[in-house]
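Undergrad: Listed here are the chains, written in short residue letters.
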Amino acid sequence: MQTLEMPSITSQEPLKLADAPEWFQTLQNLAWETYQNTPAPTRKKETWRFGDLKQLNLDNFIPASEIDAGDIELELNGLEEASAQFIFANDATVHAESDLPEGVICLPLEDALQEHSTLIHQHLLKQEVKLGSEKYAALHAANLSNGLFVYVPKGVEIEKPIEAYHIVAGDNATIFPHTLIITEDNAKVSVVDYFISAKTGQQTNTSEVCYADDADETHLVLAMNDLVAANGSQLNYVTVQNLNLTSKVIQIGSTTVDRDARAKSFVLNVGASWARNESYSTLAGNGAHSDMLSLNIPTGEQQYDQRTFQHHAAPHTYSDLLYKNALYGKAKTTFSGLIAVDEGAHYTDAYQTCRNLLMEDTTEANSMPGLQINADQVKCSHGSTASAISDEEIFYLQARGIQPKAARQLIARGFCVQVIERLENEQLQNLVLNYLDEKFSSIS
Amino acid sequence: MEIEDISTTTAPEIDQETADAIAIDERSKGDFKYPEDHKYDAGVGLNEDTIRYISKVKKEKDWILEFRLKALEVFFKKEMPTNWATEDLNNIEFDKIRYYLANGQRPTRSWDEVPDDIKETFERLGIPEQERAFLAGVEAQFDSEAAYSNVKEDLEKEGVIFVNSTEGLREHEEIFRPYFGKVIPTGDNKFSALNSAVFSGGSFIYIPKGVKVKQPLQAYFRINSENFGQFERTLIIADEGSEVMYMEGCTAPKFETATLHSAVVELVALKGAKIQYVTVQNWSSNVFNLVTKRGMAHEDAEIRWIDCNIGSRLTMKYPGVVMKGERARGEVVSIALANDGQHQDTGAKMIHAADNTTSNVVSKSISVGKGISTYRGQVHIPKHLKGCKNNTECDALLINANSQTDTYPAITVRGNQHVTQHEASVSQVSQEMLFYMQQRGLSETQAMSLAVNGFVNDLVSEFPMEYSVELKRLIDLEMEGSVG
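Going line by line, the protein sequences match chains A and B.
Under the numbering used here, think of the first position of the first sequence as 1, with each following residue one higher.
Under the numbering used here, think of the first position of the second sequence as 445, with each following residue one higher.
Excised from the complex, chain B in its bound form (with noise of 0.2 Å):
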């Protein structure tokens, strides 16, 4: 009885019995998954006609189609970045994948439209309440397609634009075209060159001028079938003064076999704007999430990529901003936790393009049992600007012996009007520390959770309520048989 009182006090949001019974529901929630009905199905490999499918399907202009073939042909030409990326990327498969699923759904503005085994599907992971509970608008994508899509009604009449792709391009031309494939041209990488090539799905979203959404917006995607690789896409366009944030989560059952999730997401802050973009990725542990992020701030803008790793077998990601105008601001918080089997390789890009610029890149990442956890970032600073400011800190915890961590940064400064500084440190928890805890009645379990809670604890506090409360959750699952 004791012991209960003291674990409530150092985790006061929870006492540990709930904690317990959340959390088991918690392991399991993502890990369902309901029998396949695909009315398209573009069938399995990547060749042209696979494009040509994706591209009818979908009732495409043709220069959409043309910009998909073109980056099909970057792709089969570009290189796996093996020379300085893990050989775990040959094991992808890209014969074996099937490139796009739907079952003929338009995206519903209700949820009693959207088909009853979709509709449990979100409702297993919580979406409609939590869209009730807080969120401006909400976009819920199985497989290829967004079965549901949603946003305020007085939001729409402000004039917020919150679509697919597929709608974005089509119905919105003008707004979505001038940016689109512009801040991540389709050879930036081969990743980046396939989901030019096969995307679907996805948010686009335009903020007009000083609408300030006080409330987030939030995508949830979901991969329900074997061997499907998922490739959405998202563009979000902050007008001048206008402000969002934006979130998304991911989740896929356990399958026998790899999967693939290669997304492509450009955001455009135009003068004065504001964007927030938060992730929290929970991947099962077979889905390699090879991710191209990036964000252009003009005058004075700022973009923020608020970034959390805790699921997938291999994460690639390293969210980059270009300061294109003066007095830009550009940010990553990036959480990472590789358990057995896992590696993150995640990081940041700052690439500094205009005077009196400042960056500034927070990383932590915790490593337990065999879980690799890298950090890369570069840091660009051209000739010719001045007062440009960066700073990077990255920390990693190791939990068992046998975990990894490894940092690659990379900084480039010319001009001497300039600050940057780079830090980073590994550390473990201490026998001390965790023997001073269970001194006070925690088993050691509970010890390392609240270490390791209390090392990412500064970050966790970025994210918005709903989802930090969640994290301290998934960490302390994570962490679970993680000693002794």
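Looking at chain A on its own, in the form it has when it is part of the complex (with noise of 0.2 Å):
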């Protein structure tokens, strides 16, 4: 319940960090004046071809207040066995507990803060956003005050995931969650954030609560990671969203992949009215590799917006972009995604697909796949498609008994199932099918 009238996250300059290292509140400030000095993006902007500025209007939103833990009514559907697992709500920590090895700092980014200072000084926010939301990232910057901080240390290897949720709860309430994770030398890890909507649970509820059909309260999450592979180590990072269906969601991610580094991100997207994806991966050295994975299935009024961009800085790299769209209802999705190879990164490999599945006539799918190369002995190419499932597949299956409507349910499962797949890690992928099955069992 919100008793006082809050001011909006887009006119009230943000409370700032107690105990705060130095830099970190100059980092805010600053942060401030560039989310107020940069204009909102107009429609002549080739980044917001085809997006919704509307979705910009975020004057009725406010920070989050803080909550009790104990109100929030919320089942966790997570990873069978995690190695780390951190529960923010409203961007408090609630719930830490981990077994790691020696050496791994895996913390709550408020705690980080005071005990890692230079660690995080370094590598926070390094990477200048280009993909669009320029104004907020700013905002983000400027609000920051909690989120997930994992560092492996040379030749460490994790072999169970780490996993976070980010919840948000309360009426227009807004978190902004960041996740940082740097990998040295050799070392290996995954991690998983979620962003989940909740009640704070004053109202009466039943006992499902949580999911997509309870969607009174408005939230909005603007997340932001920073990934930060070094030489010869790997990095898996899956995102969940899974807000309620009035919410929005700004994830602006970058990854640094160094040399004979692997660093793979995907986001899965089955909740929120609106959300835009920014991802931009930056192959920095001899032998990087980076894989781009994104699964959406949007549904009723849902629209996605993702923008990607592979940048190849050095010679010898390997990129391979993946994003599905399995389109229901009014669904829109936009995607739009660049290769870029600098001058001199030659022996480049660098793919690009994007394929939508039309599965109703009202849907509406947009994409941009674009390249600009400046090399030679570069191998690139990009795909995109759109289509429906066509009669004969439909007969195929009705023809070995199965009912024409679960036809369709198999094919846009198997037409998901082949991003899963590219997880090549058996947790995360059950996981993510968990919420694939459970976003496919809500489409009557």
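Source of the hints: derived by calculation from the structure; they are not laboratory data.
Do not rely on the hints blindly, as some may be mistaken.
To be verified - 25 Å max Cα-Cα, derived DSS-like pairs, lysine-lysine:
1. A:330 / B:830
2. B:830 / A:405
3. A:45 / B:522
4. B:653 / B:715
5. B:833 / B:715
6. A:44 / B:521
7. B:827 / A:405
8. A:44 / B:522
9. B:827 / A:54
10. B:521 / A:45
11. B:715 / B:656
12. B:626 / B:521
13. B:596 / B:653
14. B:634 / A:45
15. B:814 / A:379
16. A:44 / A:54
17. B:634 / A:44
18. A:330 / B:827
19. B:833 / A:330
20. A:44 / B:827
21. B:626 / B:505
Source: prediction; values computed, not measured.
Both chains are sitting in their own frames, so use the hints and assemble them into the complex.
TA: Following this line, the structure appears as structure tokens:
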């Protein structure tokens, strides 16, 4: 319950973190200035082509207020086995538990800022935001107060993934979670972030809470992540976005992959009324490898707007992007991707594929797959398709005794599973499959 | 001796020595000019008076003058599209361009009556002999106005109209006015507005119902004067069931300063009609070539743009087809070659506006040296349509380490009864391929030319014979000195 008139996130300078290091305070002050001085995107911006600018009116949103962890009614749907688990409610740490090898630092960002200030200073928000949401990245930075910090030292491999729930509750509440992951040389880690809407438990609730149909509060998530993979390391990062159907999310991610390192990012969108994902991957060292994956199942009036950039800054680098959308109802998706190969980044392999499966006649898919090649000895390709399930395919399954409705579901699921397989990690695959099946079961 | 034999087998139509001889001739073919002698000159720069002057010289009706003045307003209001296009556009100095130059010539029907220097210009470019050989009609434009315009008598008897824009709007207003500026409205973009304000020359063509013009019609555009802007306007109407192929070529001498060419080409294919529009663009490398081309295809009609861009400093051209009637078909076949200092920014626009319409885009680009080639495409399939199909393929070949290529398609599909696919690839001529050919006695340059010609071969064959031979030669030429 909001008792006081709260100031909007767009007009009120955010509160400062108590005892934050000086550099962090400067960063936040500057970010607030940048936010105020940066004009909002206009129709003319290529990065917002086909985008829905109306969504950027954030005047109604207020900073999420502190809530009592006991008030949240939520069923967590996560990993079978995690090496660490964090729960943040309205950007406050409510649960932290970990069983990790020595030397690994895995902490809520608010604590890490005190204890590992220099390390964070080196990597936090170091990549310029270029894919359209410059203004909102500044707003995030100005309000940033918590999130997840993972540091894996040289040669340490963590088999079981780490998971962090970012829960937002309260009408018009906004959270600004930040995830910073650093893998040193030859280290290995997998991290899962969940963005989930919850209700503050004041209302009377039945047993089933927190799912997409329980949509009376509007939330906003302005999330960012910095992924830094040093030489020879492996970094997997999965985002599960399952906010309620009236909420919005802007997620801005940047990945830097150094020599012979391999980074893999996966975004699953099943919730929110509007989601904007911006992912920028820099291949900074010889032999770097980046996989960019996303699976989106928008239904009803949901809109997903995704922008990606594969930046090959060094020779002998490899990137492979696969984004799949299965669209239902009046859903609309926009995909805009760019592969840029810098001068001198020879012997580059870069691939980009966006596939749209149009399940209903009222859906809309926009794709803008782009290439910018400045180098020689490059193998690049991009492909984009949009189509429906053909009658032949349905007929084939019907001939085998499968009802048309089930046949369509089966084909759509198979379409989606292709991306999930690319995770190459059973635990992560099962996790995403659970959310996928839950979403499919809500589609009648 | 032996080596020569092998090279003849790989390029059977012409032996190397002859090719070289032709090549040298070809390179300098367009690079000459005659002294200027203009009776009418709208001066330097652009304002309302320029427009009134042009309109007066052309003795135009009031509605055309009004159309021009309105367009000028739009032109001044519109911003440069540099939010998505290259900054090089800002180097166009609109104040230093001469917008209308003519020496009062009326297009003649016989080469004998064409003034000597202009006749010589086109003779050096080989136009009259080509006309005799294989063309059904020719129009030759020199700076702002057509110097020669002729169409074979039998076609004229069947009702084919092939005239320049001034004459088209004056003599055949009832045919052309209803479509004029309708496919490409004045405000479509800054350069279509500019063209609408100052247009002069170009071809207005009408093909009556059921008439199938077997041989191509051709227009030849020539810029002779420095700092000159050429703004021709072409409108082709193919009435029900008719067929026509139109070809345009262009050259200009190499001046010290930049020249602007900004055309508007509108095609209307009525029910069941077929229009093929072939362009071989070989402007000299100081020409800004900013062209708006769009066709409207009605029921069962077909419009094909066959486009080849080899010259110019910056070309921005995205031929489009609006498929307005059921089962209409649109196609763009495009070859672009960008050499040092050139930027070929080309592409296609396919707007599906009726059920069961199909479109196909095949684009191949080659970047040599520091050349930049860009593909920009748009495919739009709106709601409530069914059975629309689009196929887009764009392949890019990079020759040197510092060559550049970009691809920016945009595809919108609404509804689930359509199929679209887009594919693009970027590759090089591999060292192995070159080595293989060199082993068999070809020089590195020959091997490279052969590989590049192989890359575009399936598209080159879409061009009429005479053009495809010339195209191959032009590509060979551009490839010279690109390796090693």
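Undergrad: Starting from the hint list further up, note which numbers the structure goes against and sort them upward.
TA: No hint contradicted; all consistent.
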